[in-house]
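Listed in order, the protein sequences are those of chains A and L.
Its first residue numbered 1, the first sequence is counted upward by one per residue in the working numbering.
Its first residue numbered 1001, the second sequence is counted upward by one per residue in the working numbering.
Misleading hints may appear alongside valid ones.
[Unchecked claim] Derived PhoX-like pairs (lysine-lysine); straight-line CA-CA distance at most 25 Å:
1) A:K43 with L:K1094
2) A:K43 with A:K71
3) L:K1043 with L:K1075
4) A:K43 with A:K75
5) L:K1075 with L:K1094
6) L:K1071 with L:K1043
7) A:K75 with A:K94
8) A:K71 with L:K1043
9) L:K1043 with L:K1094
10) L:K1075 with A:K166
11) L:K1071 with A:K43
12) A:K94 with A:K43
Just so you know, the hints here were simulated from the structure itself, not pulled from any lab data.
2 protein chains.
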Amino acid sequence: MRALIVSADHFEDTELLYPYYRLQEEGMQVDVASIARGRIVGKHGYEVVADIALRDVDPEAYGLLILPGGKAPSKLRREAAAIAIAQAFVRAGKPVAAICHGPQILITAGVMAGRRATCSPSVAEELQQAAAEYEDSEVVVDGALVTSRRPADLPAFMRETLRLLKPSR
Amino acid sequence: MRALIVSADHFEDTELLYPYYRLQEEGMQVDVASIARGRIVGKHGYEVVADIALRDVDPEAYGLLILPGGKAPSKLRREAAAIAIAQAFVRAGKPVAAICHGPQILITAGVMAGRRATCSPSVAEELQQAAAEYEDSEVVVDGALVTSRRPADLPAFMRETLRLLKPSR
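Taking the hints into account, I'd like the entire structure generated from these sequences.
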């Protein structure tokens, strides 16, 4: 199974790198998509190479979407191709795992109404305004949607994300 | 099972944080030990709280030792308590996983002679001088000793470390 991480400059480094390495540990191919192909740089200076531009992503080629946090999501939510990718995953019922500011992309994609979810405390208000049911928990699983709040939640975030994939692996 | 991470300021952030979160994901309690209790700061600015001072560590309380890289090991190898911890784990045949510059601590501990291992390329020469059999591979497993070269090796590093623990979990 292939997994897709959608991010951009100023990503929260561990929120991208932990899932990136973790999914590789499971033997998955993990592609990183960004506004353009090439190097993106995290808030803490880690560099990751984006394998593919958002506009070239075929969501059908992937079985899992990861949306890390940091300042990247506030930029990505203004990218039509990022929004279209998120909508395609949700529409297809495929697993989507978003952490910290990552759910901002899902809010703009208009897919959060009636969903139970968590996020960075600073995003909680707009999540509620999007008619989602906000919970202050380390991880919230609602169907194929997994959300967490911050880097310290990464163990629970990936445990539940991988549990969701287990039946299909 | 409890795991112990031994590190100090200027640790390579992902080489500490990936194992730290990964072992928590497996449900383990993970303690961080450093020269003194309290905050240590990585090369990329991540802060981790050291739960215990090296001199207060009882190696018998732990089933796994993780030695991350960065500039921390060059400082830790001058700490008698860090060396004693490494020696106690090797003597007891317990799993020790060291990455990048982490094996420097094992070299000073005098436990590398005749062992197959890898490390950061910049440590390879002194590893060979310590009579170890150096291999340029993403991960080398020799008995209960797991070694890797760099952050990009973390998926293989933790896959093999956890495989080693499986029988006892």
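Straight-line Cα separation of K1043 of chain L and K1075 of chain L no greater than 25 Å? It holds: about 14 Å lies between the C-alpha atoms, which stays within 25 Å.
Restraint check for K71 of chain A with K1043 of chain L, where alpha carbons must lie at most 25 Å apart: OK: K71 of chain A and K1043 of chain L at ~21 Å, within 25 Å.
Restraint status (C-alpha distance of K1075 of chain L to K1094 of chain L at most 25 Å): 24 Å, holds
25 Å limit on alpha-carbon distance, applied to hinted pair K43 of chain A and K71 of chain A: Holds. K43 of chain A to K71 of chain A sits at ~8 Å (cutoff 25 Å).
Are the Cα positions of K75 of chain A and K94 of chain A separated by 25 Å at most? Since the Cα atoms of K75 of chain A and K94 of chain A sit roughly 24 Å apart, the hinted pair holds (cutoff 25 Å).
K1071 of chain L paired with K43 of chain A [C-alpha distance capped at 25 Å]: Cα-Cα ~21 Å, so holds.
25 Å limit on alpha-carbon distance, applied to hinted pair K43 of chain A and K1094 of chain L: The hint is violated at about 37 Å.
Keeping to a limit of 25 Å between CA atoms, is the pair of K1075 of chain L and K166 of chain A held or broken? Judged against 25 Å, a Cα distance of about 42 Å means the pair is violated.
Proposed proximity, K1043 of chain L with K1071 of chain L (alpha carbon, max 25 Å): 8 Å, holds
Is the straight-line distance between the alpha-carbon of K94 of chain A and that of K43 of chain A 25 Å or less? 29 Å, violated
Do the alpha carbons of K1043 of chain L and K1094 of chain L lie within 25 Å of each other, as the hint requires? Violated, at about 29 Å.
Run the distance test for K43 of chain A versus K75 of chain A: straight-line Cα separation, threshold 25 Å. 14 Å, holds
The structure does not agree with the numbered hints 1, 9, 10, 12 stated previously, though it agrees with the rest.
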